[in-house]
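In case you want the letters, here they are:
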Amino acid sequence: MPVWHEKTKELVASGRLAIVGITQEQHPDRCALYAQWQGFDFPILWDPFGLTGLSVVPVITGINELGVVDLVRPHPRKFQKQFLDWFKGPVPDGVPAGRSGFLVGRPELGSFVPSEESKGLVHVNDARRAISRLVLGGPSTPTIDSDVGTLEAWAKRTGRAKDRFHAGVARRLRYDGPSARAEDFQVAADAWHAALAADPNQYIWRRRIQQWGPRLDKPYAFYDWVPKAIEQIRGRGEAPRRLAVPLSGSEVANKNQAVPAPVGEAAEPDPKGLLARDSGGLVQVETATLLHTGIAGRKMRTPPGSSQVHVTLRPRGGAKWSNDTEPPVLWLPVPKGWVAARSLHTFPGPTAGDGALTAPLRVDFEVSTPTIPLGPPKEGAPPALDSTLSGYVTYSICLPDGTCVFRRQDVEVTIPLPEPPSFGDD
Amino acid sequence: MDVSQCLRILTGALASCALAFAGQEQTGSPEAVAATKPEKFGAIDPQVWVTTGSVVPALELPRVDGSGVFDLASLHGKKVLLIQFASW
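So the protein lines, in turn, are chains A and B. Numbers 16 to 441, taken from the numbering used here, label the letters of the first sequence in order. Numbers 454 to 541, taken from the numbering used here, label the letters of the second sequence in order.
Among the hints, erroneous ones may be present.
As the list claims (entries may be wrong) - A few chain A positions that, by computed beta-carbon distances, are all more than 12 Å from chain B:
(1) Gly36
(2) Arg196
(3) Tyr238
(4) Pro286
(5) Thr366
(6) Arg377
What the hints assert, rightly or not - Calculated pairs, BS3-like style, for lysine-lysine (alpha carbon to alpha carbon, straight line, at most 30 Å):
(7) Lys93/A to Lys103/A
(8) Lys171/A to Lys103/A
(9) Lys287/A to Lys243/A
(10) Lys24/A to Lys532/B
(11) Lys270/A to Lys287/A
(12) Lys96/A to Lys531/B
(13) Lys22/A to Lys96/A
(14) Lys287/A to Lys532/B
(15) Lys351/A to Lys270/A
(16) Lys22/A to Lys335/A
(17) Lys531/B to Lys171/A
(18) Lys532/B to Lys22/A
(19) Lys270/A to Lys335/A
(20) Lys24/A to Lys96/A
(21) Lys93/A to Lys532/B
(22) Lys351/A to Lys531/B
(23) Lys531/B to Lys24/A
(24) Lys103/A to Lys532/B
(25) Lys24/A to Lys93/A
(26) Lys531/B to Lys93/A
(27) Lys351/A to Lys243/A
(28) Lys93/A to Lys171/A
(29) Lys24/A to Lys243/A
What the hints contain is simulated information worked out from the structure, not anything from laboratory work. For every residue, glycine included, the Cβ atom is placed at its ideal position computed from N, Cα and C.
Next up, chain A with everything else stripped away, as it sits in the complex:
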């Protein structure tokens, strides 16, 4: 992308070439920050649902004056011979027979409806409208609850991978907005896993899971460039674009870094259970577990790699974080045979800025399950692995009247395990 931007600056300045980017990311803010960092001055469009239909990026396309593709996958190393020859080529003198490129306007919403049979059916339009509203309105879409419901019902009815992915995107959109529900992130992840299981070659869907998944499942670090970008943008005297949704640990993790070794066991914060429970629901605890994508479409007894556990604390009912006490902690020991770097996880404290004291606080970390023997369970074998981890969070939280209290709340995290194979498997 930066290469093409640099090489085409003069052509764009001449007014005869336009560059447009489309990004298939869940959050537009990350790409907007990237564009600011790189100094991109052309429009970049947000396509979280993957409406362009691609299964992998990047894909670069040259389009002529009539809206017809006539340069496919140009290579920047062949800029002179390939790209400039195309660019200097003759301007087409008419629309090809029987065709209508974007020159003559849009086929009416035809991009969403590739078949004749779908025309005129209200239920199709419901789903189309839901996606349109969510793309245009993002996490604050006023109709987001009904739109999520529509897309999930549509996915359930069709059973198609694409529709499941769309439903997952809608769930995660809601999770990042004012209408977030505790289960949204996990439901989104489950929908994405189901979609990928049906179409394991869809790498954009795979990346969507890996963004929040375990480190060992990442082909590379996804957003590790963000700190450097922010530093360099500030160095230019600019204010970096703010990320509406903070980066998780998983999003910056690099699989080539050393596996985190278990650290010395920290002291349990409330071993006797004496702390008062949060019976008033001042904080909502939300958990999600993202599995290694290696499980997609396979029957395996041994979970490949690890899982990434996300725990979020969200103040409710006007409660606010206290900014002058110790940050919240999660105590989540793992059973014998499991691996986690630590049992005590400290949440980052509230950041500066408006709304920071009511914003959710998040931690995420890897957990590896024990290896499960291949084959059917043997007679007299130990009972199936319990995949639920139990722990608790403690936090200082302030009531609307300004009184701050210290509370504890129990937490359960479920790590889904593959089903045992039937005879003849493996």
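Guided by the hints, dock chain B onto chain A, whose structure is given.
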């Protein structure tokens, strides 16, 4: 009225239709969706982007910087380099 006027009017009218469409109230419930036959829906044929001679479909999406909606149709008359990518 010359051809370019015609095209501007057509493009503008269709873009208005799309935005109006996006803002319409939902007329069917999830139950109504579930009660009907599944049809093809969802995305553009990806081969469009990698096949010479393909007509670029209509596409209108918001900009990542929040500065509004962009319609590919607004680029008629120019050569366009379309880069589909991700910042990850």
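List of violated hint numbers, smallest to largest = 1, 3, 8, 9, 11, 14, 16, 17, 19, 22, 27 and 28
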